[in-house]
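Undergrad: Sequence:
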Amino acid sequence: MYTGGEDCSARIWDLRAKNLQCQRIFQVTAPVNCVWLHPNQYELIVGDQSGVIHLWDLKTDHNDVSHRSDLQQ
Numbered sequence: 001m002y003t004g005g006e007d008c009s010a011r012i013w014d015l016r017a018k019n020l021q022c023q024r025i026f027q028v029t030a031p032v033n034c035v036w037l038h039p040n041q042y043e044l045i046v047g048d049q050s051g052v053i054h055l056w057d058l059k060t061d062h063n064d065v066s067h068r069s070d071l072q073q
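Read left to right, the sequence shown gives residues 1 to 73 (the UniProt record's numbering).
No lab work stands behind these hints: they were computed from the structure. You may find that some hints are simply not true.
Ranges between beta-carbon positions, derived for each pair [said to hold, decoys possible]:
| hint | residue 1 | residue 2 | range |
| --- | --- | --- | --- |
| 1 | A17 | L37 | 17 to 25 angstroms |
| 2 | R16 | S50 | 17 to 25 angstroms |
| 3 | K18 | D57 | 23 to 31 angstroms |
| 4 | N19 | V52 | 27 to 35 angstroms |
| 5 | L55 | D7 | 17 to 25 angstroms |
| 6 | V52 | K18 | 34 to 42 angstroms |
| 7 | D14 | H38 | 27 to 35 angstroms |
All C-beta atoms in this analysis are idealised placements derived from N, C-alpha and C, irrespective of residue type, glycine included.
Based on the provided sequences and hints, a complete structural model is requested.
TA: And the structure:
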């Protein structure tokens, strides 16, 4: 399961464990609005409240792409 929150982090959780376990934490600079796993299963996309979209490569744990959206709410 993938979650994001007001603490400026996105998390990957292992639901197969008896006790819910956070597997990885990804920090961003603003509260998280959305988290999405790409169909290729190794890219995690995180959108934050400042309009930045982060793309993490789960194989390397590196934030490869980050850009600010010009979209207005």
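Undergrad: For the pair K18 and D57, does the Cβ-Cβ distance stay inside 23 to 31 angstroms?
TA: Cβ of K18 to Cβ of D57: about 30 angstroms, so the range 23 to 31 angstroms holds.
Undergrad: Is the hinted range of 17 to 25 angstroms satisfied by the C-beta distance from R16 to S50?
TA: 34 angstroms, violated
Undergrad: Do the Cβ positions of A17 and L37 conform to the proposed distance bound of 17 to 25 angstroms?
TA: 19 angstroms, holds
Undergrad: Note whether the CB distance of V52 and K18 lies within 34 to 42 angstroms or breaks it.
TA: 36 angstroms, holds
Undergrad: Given a hinted range of 17 to 25 angstroms, is it respected by the beta-carbon distance of L55 and D7?
TA: 20 angstroms, holds
Undergrad: Is the distance from the Cβ of N19 to the Cβ of V52 consistent with 27 to 35 angstroms?
TA: With Cβ atoms ~33 angstroms apart, the hint holds.
Undergrad: Is the gap between the beta carbons of D14 and H38 within 27 to 35 angstroms?
TA: 19 angstroms, violated
Of the numbered hints stated above, those contradicted by the structure are hints 2 and 7, listed in ascending order.
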